[in-house]
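Given the coordinates of chain A, work out where chain R should sit on it, guided by the hints.
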Amino acid sequence: MLQYDVVIVGAGGAGMNAALSASKDSNLRVAVLSKIYPTRSHTGAAQGGINAAMGFRDPTDSIDKHFRDTVKGSDFLADQDAVEFFTTYMPDIIRELDYYGVPFSRDEQGRVAQRPFGGASSPRTCYSADKTGHVILHTLFEQCLKNGVKFFDDWCLLSLVVENGKLEGLVAMDMRSGEIHPILAKSVVIATGGFGRIYWSRTTNAFNMTGDGTAACFEAGIPLKDPEFVQFHPTGLAGTGILMSEACRGEGGYLYNNKGDRFMSEYAPSKMELAPRDVVSRSIELEIRAGRGFGEGMTAHVLMDLRHLGKEKIMERLPQVRELALDFESVDIIKEPVGVRASCHYMMGGIHVQDYKTCATPVEGIHAAGECSCVSIHGANRLGGNSVADVVFFGKYAGLGAKETAQNRSLGNPSLVSAAANEWMSKFSRMRTKTTGNNLFEIRNRMAEAMWYNVGIFRTEKNMVQALETINELLEAYQDTFIGDSSVKYNTAFIHYVEVGNLLKLAKAVAMGAIARKESRGSHSREDYTERNDAEFLKHTLIHKEGDLYRLDYSPVKITKYQPEARAY
Amino acid sequence: MRTITFKINRFDGDRAWTQAYDLNHEEGKTLLWALTKIREEQDPTLNFTSACRHAICGSCAVRINGHAHLICKTSLDEILEIYKSDELAFAPQANFDVVRDLVVDWRPMTERLETVKPWLIPTEDGAADTGFIQTPKDFHKIASPTDCIQCGICASECEQLAENENFLAPFILNRAYRFAVDSRDAAPSEHIRPAFENDLWKCLHCHACVSQCPKGIRLDREIAYLRQESMKMGEVDNAGARHAYAFHDDVQSKGRLNETTLPLKTEGMLKTMRRIPFALRMVRTGKLNPLHFPKAVNGIDGVRRIYAKVKGGKK
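Residue numbers (this note's numbering), protein chains in the order written: chain A, 1 to 569; chain R, 1001 to 1315.
Chain A on its own, in the form it takes in the complex:
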């Protein structure tokens, strides 16, 4: 049986930085499992940048301003002790990444360049053109190679084995051989990213962002925190939902409706296009609803105009964005405006982390970092540039936390972990031979449709209850689905079956949390409860899964310095 001191699941920014931290104790055996090759991870898709109050571009910027902006951006749902910790030490992370070799764009003095971003009171987003996540991901991979980190590529997490609130081990499939392995571990770090694929095609997320680690934690008894907070990025390409970086607005891009007006003046007169994502996304949708968009139905959009930036600035700062608009919409942003519309981008909610310094969850031995987790530093709405920051930052502290946990725990019970693996083996062999049942892709697509139309940018009780009913039906239908591939080796049909199962559970939690939160806060925008209601809802949602029962309760928000106030931009 495989045995490791620390097992990290996921090899994006959080997972690889966790691996580097955990490996600092050379006596520990550390392994990283990833369902894809590490440099394919979704951290690489992050474009615009990474926030840290370096004060290079604006000497008046400060850690406190970053702290305040993040709390205000979160609509006061972020835990302020965690945000303060995060903003205080982020500048150290930038220096460390620089030392690792991240090719940051530079200012005239050779310092890391910074740009303005939505919801930020100073230009503090450090960047490398518009491929910041890509270069950070590759640099962390290089550091992992340098430090001899052991990777298991094409290994998919199936479940976490927990007994009496303590980690025993995990079960994973080696996709290439098709073997299912029980793995003993003293501690694990879950770093599997978000689950934007509950909206399937209306998302900027990669195909594999299916919340495997989040769902495994949910099944293992760790609650999901604040799942109802889903970020819709305002500028997805109209046709495909592919991301046009926030750097477009950061560098000075305009948004126009079909009247030729910069409509953000109606919604955020002082910040204009640089309002936070939730505000801009809602504004775009309202313009489209009022008939001031272009096109109709799923292809309706507004225009983003970058022409006034000039060719030189576009080529220097937004080269990837230009390529994407050319490749996917046949639009050259140097010459014409491009159609954009909001697209699901990020999950503020996730695995309940209860100690922000170690990223420990309520289950002893399990830590979580990155988008899969909810610390919470993003609250009801994450600021652009705080996600890659979160990933690298909490990846580091989760790795250190898991190292310490492993130093103080022994390996779990092999027979429990084997039994869990055996269950998966039977399931795999059953699914390989089952040839009839409900169509898996239809189940997935119906889920996405229900979520997009009913638990999307604007929400009402009636619509969400309908979505929840649909999800319940689909969970039922999922029990009798089939995969149509009998192979043992590299059976992606089976992996997709596992992924859709994960998405369904998480979609249900999103809908439940959203129905119960009878207020509008950050990204959660209800047409039947249009105001924020601090008296009743200044608290975190926690959804527990106990067998087939989903139970909802709440936990308090940590407020240290900034009392809730009206959030205007």
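Warning: the hint list may mix true and false statements.
Over 12 Å on every C-beta distance to chain R, these chain A residues come out as not near it, computed from the model [said to hold, decoys possible]:
1. Asp25
2. Asp64
3. Gly165
4. Phe207
5. Asp261
6. Ala268
7. Asn422
8. Gly456
9. Asp480
10. Glu519
11. Tyr569
Calculated cross-link-like contacts (lysine-lysine; reagent style DSS-like; alpha-carbon spacing at most 30 Å) [claimed, not checked]:
12. A/Lys146 x A/Lys24
13. R/Lys1037 x A/Lys489
14. A/Lys24 x R/Lys1117
15. A/Lys311 x A/Lys259
16. A/Lys313 x R/Lys1137
17. A/Lys146 x R/Lys1037
No lab work stands behind these hints, which were simulated from the structure alone. C-beta atoms are modelled at their ideal positions from N, C-alpha and C, and glycine is treated no differently.
Below, chain R without anything else, positioned relative to chain A:
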């Protein structure tokens, strides 16, 4: 209704075969759309990898009619137009081991990647708690090479790699280059030497990698740079360097090559002797005249002035 036929190389770990799938043509779609549609509507056993669908993760490189493309960003209509055919052949990337269908094994390539120490060897000008100062000009030297998404297309296209396992795939040479030119790196030779020792001079200059690179990285220029640097490191006594010197010297003195002495200068007398049968065939077909010692070309003064200028400019 126009039908497009996709003939796909299948492999299940033991057995290999070709399978044809038909799709109704739809305008404005990508190759990834086609494979996804086949998998979801016709054959769930078809395996390929893809993730981000916007050309940044590097998962989805596949060979179409022999050439590797990132299928997420490649337009179906453009490919049909290029080949003037409604039948396309899909195959996994060349120069990789196949896991299943269009899925390839990256482990051996990763091991090869490690030979060039693909990580920053930091100078003493920086530290983990201070970072570095790097000029915008120095950043620009690494901007393009760090665009590499490690999709493997250059490796699939590489004619040298197809014949010579010792050669490093172009993306690996790119990684060596990326650190060799980084102002923060203390030891460029640590990245360059392994490239040199793994047949750096065997690159054929065929430009297949450059022409297919989805990020437009000038791998050819990078390889030229690595070679020059290896010569500066003293690696001048090898066929590649001698060949380069022979070109340099011939053109400087005569404005053109002397094809008779070129192999002598490159490979020495002994090895050149082994090529006599080949040389004789060339003589017979009129490709080579061993008695011809070319005179300097008209305008040789101009050539020499160019040399002087280039050398002066370097100082």
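Outcome of the hint check:
1. Asp25: Its Cβ never comes within 12 Å of chain R, the nearest being 18 Å, so this holds.
2. Asp64: Given a closest Cβ separation of 21 Å, the condition holds.
3. Gly165: holds (34 Å)
4. Phe207: violated (6 Å)
5. Asp261: Holds, since 30 Å exceeds 12 Å.
6. Ala268: holds (28 Å)
7. Asn422: Asparagine 422 of chain A clear of chain R: closest Cβ-Cβ about 24 Å, beyond 12 Å.
8. Gly456: Answer for glycine 456 of chain A: holds, closest chain R Cβ roughly 21 Å.
9. Asp480: holds (16 Å)
10. Glu519: Label holds. Min Cβ-Cβ 35 Å, cutoff 12 Å.
11. Tyr569: holds (29 Å)
12. A/Lys146 x A/Lys24: holds (13 Å)
13. R/Lys1037 x A/Lys489: holds (22 Å)
14. A/Lys24 x R/Lys1117: holds (20 Å)
15. A/Lys311 x A/Lys259: holds (26 Å)
16. A/Lys313 x R/Lys1137: holds (16 Å)
17. A/Lys146 x R/Lys1037: The given pair, whose Cα atoms are some 40 Å apart, is violated under the 30 Å limit.
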